[in-house]
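Heads up: the protein sequence lines correspond to chains A and B, in order.
According to our numbering, the stretch in the first sequence is residues 1 to 290, in order.
According to our numbering, the stretch in the second sequence is residues 1 to 358, in order.
The set of hints was computed from the structure by calculation and includes no laboratory data.
One should not assume that every hint holds.
[To be verified] Computed spacing ranges between beta-carbons, pair by pair:
#  : chain 1 : residue 1 : chain 2 : residue 2 : range
1  : A       : A178      : B       : P290      : 23 to 33 Å
2  : B       : A324      : A       : S111      : 21 to 31 Å
3  : B       : N29       : A       : L108      : 18 to 28 Å
4  : A       : L108      : B       : M288      : 45 to 55 Å
5  : B       : A33       : A       : A178      : 50 to 60 Å
6  : A       : Q115      : B       : R224      : 47 to 57 Å
7  : B       : I98       : A       : D262      : 50 to 60 Å
8  : B       : T152      : A       : Q115      : 47 to 57 Å
9  : B       : L345      : A       : T84       : 27 to 37 Å
10 : B       : L191      : A       : A178      : 18 to 28 Å
C-beta atoms are modelled at their ideal positions from N, C-alpha and C, and glycine is treated no differently.
What follows is the residue order along each chain.
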Amino acid sequence: MQLYVNIVVLASIYALIACGYVLIYRVSRVLNLAHGELMMLGAYLLLATASLFAGNPALALAAALVLSLTVGALVYVLLMRRMTGEIVLAAVLATVALGIFLRGLVVLVWSAQQQYPAPALGFVNAALALPGGARISVAAAALVIATALVYGGLFAFLQFGRWGVRLRAAGQNPLLAAQRGINLHAVYALAWALSTFTGALAGMLIALDSGLDATMTVIGLKAFPAALVGGLDSLVGALAGALIIAAAEVLLIQHVDPLLSDVVPFLVLILMLAWRPWGLFGTREELDRV
Amino acid sequence: MSRAPRASGYFRSDYREDLALVGTRLERNALGAALAVLLLFPSGASVFQLDLACQFFLAAIGALSLMLLTGYCGQISLGHAGLLAAGAYTAGVLSKEIGAPAWMTLPAATAVGALLGLLFGLPSLRLRGLYLAVSTLALHFVVVYLGSEYETRRGFSTGIVIDPPKFFGHALTHPVAWYFVLLVAAAATLLICLNLLRGRTGRAWGAIRTHETVAAALGVNVARYKLTAFVISSAITALAGALAAYYRGFVSGEAFSLFLSIQYVAMIIIGGMGSLAGALLGAGFVTMFPYAIEAGLAALPGAQRYAGLLFAVNYAAFGVVMIAFLMFEPAGLIGLWRRAQSYFLLWPFKQRPVGGGG
């Protein structure tokens, strides 16, 4: 039973992070390799707001989330907007460079030590007992719920929201979308903001659960195979991919070798690239566009 | 590798002259001067400067091989550190397990690199662009995992220590000796690259980079030449990894992080895509960068306070420099150089010279 709980928690972590990769890729065909760093930045922002609004955890969380939305939009406006028209590799490398920059910046501002935002927020990470004798920490439970809410919200937003439809339109055909009067820059900025928001949310909840240091970027990178296995332009795919990767990782760690933890997602990724490079739910024509 | 005509005109009259590596008297003299400087450098250099030069040579070998693959054949690789790791581990494991001497481990590392190149290259037959980059990234993690798995299993959890290589009974430990060994290795790599690029292979790669379908229509065997690019590039890279392992006397999985791959990609971006000179410039830039940052920080007031933050400053500054090059000078350092050249070609009179230089 505990095994299933572990898989579900890990899958929600990967899914919550992976939807950020999917959002940006689907809308602008850019692979954001700085996602792990942006997620870590979000967690550090929570650390900052927690000390700023001491004694008011809800306000601190809200402020950190608003800040991460802003950071995402700023990344597009200041950096990625300049990369339009360049080859895809240049745009991807720009995100890589951004990631390196953020890693340095975070250490400069908050030092390289392991930090715990939970006590500053007055949050006690108790363990809840589940039926079947399994246990789950409050933060992990919050993570599962947050993932469900985020995915529900994103589906509704993309399906029915005015801006959600615009996002999809820009992803399908930017030229036609622009002709119909959709402000592409605003749409791309929104995609970056939302992606950073969901990533940062994941980062904050992970930090509440298990502390915060620069190794968090590894989790961000490990979530990328989840997005690709499901299909880089499909949100449903990201959910499925996260579940597959998490199950493979938990089971292999349990039964084969704990050292495999860092490499399992990438093994699954290689298998997927060999079998169906466009992923489980991805569109096949995508491959020729990149 | 056909070269642009000079501002003074195009005077080549047969193919042999067009293919010649050293064509004009200026080029001959420049080459002679460069050789003289390189040969005389150790006599006036400190141990630190020699170490810096050796690091540059090692980086240059890696950057040249990546430039072949990415800059000329157009195949993106984010797994360069994985190949360096493969070479280093091959040398480490062989010398540790069976006490193999360097003349065995270095060719073995090259062979392992070539095999891995085949493996890294197979996805390229099916995938392009981002997906290819991602597959090489994944393979990097697998290689590094296998290496660290070996370390843990055999109880070398802090890394494998390698004895310095022995040639004719002499252990290679002296910095000057290392300088010349690595200089020869880097010069040989440069020569191999130049020769590959001015022949059929280089032209086939150029065609593949420009347009795969057209290349196939021109009779280029796309799959074969792509794999050739991966195999040659990986073999050279693995050799560089093995040399680096001997030079440091130490192999550890920690050293081959994703950041190392990115550093190599940064070298060819900062140097300038599609230019061997660019690869050398980029390798020099990235090698010197941390030392420049260190010197810059030391010059600031209150240098002691920043000492612990050095690596963070290094990361942040490296990111900023990479972004700056991507944004403002996508052609890299070699682009800056060419722009300066064409500026002074016209200076002070703003007409284009006859012969169309610049």
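We went through each hint and held it up to the structure:
1. A:A178 with B:P290: 23 to 33 Å: 44 Å, violated
2. B:A324 with A:S111: 21 to 31 Å: 26 Å, holds
3. B:N29 with A:L108: 18 to 28 Å: 48 Å, violated
4. A:L108 with B:M288: 45 to 55 Å: Since the Cβ atoms of L108 (chain A) and M288 (chain B) sit about 22 Å apart, the hinted range of 45 to 55 Å is violated.
5. B:A33 with A:A178: 50 to 60 Å: 55 Å, holds
6. A:Q115 with B:R224: 47 to 57 Å: 53 Å, holds
7. B:I98 with A:D262: 50 to 60 Å: For D262 (chain A) against I98 (chain B), whose Cβ atoms are near 29 Å apart, the range 50 to 60 Å is violated.
8. B:T152 with A:Q115: 47 to 57 Å: For T152 (chain B) and Q115 (chain A) the Cβ distance comes to about 29 Å; the hint is violated.
9. B:L345 with A:T84: 27 to 37 Å: 32 Å, holds
10. B:L191 with A:A178: 18 to 28 Å: 50 Å, violated
Of the numbered hints given earlier, the model fails hints 1, 3, 4, 7, 8, 10; all others are met.
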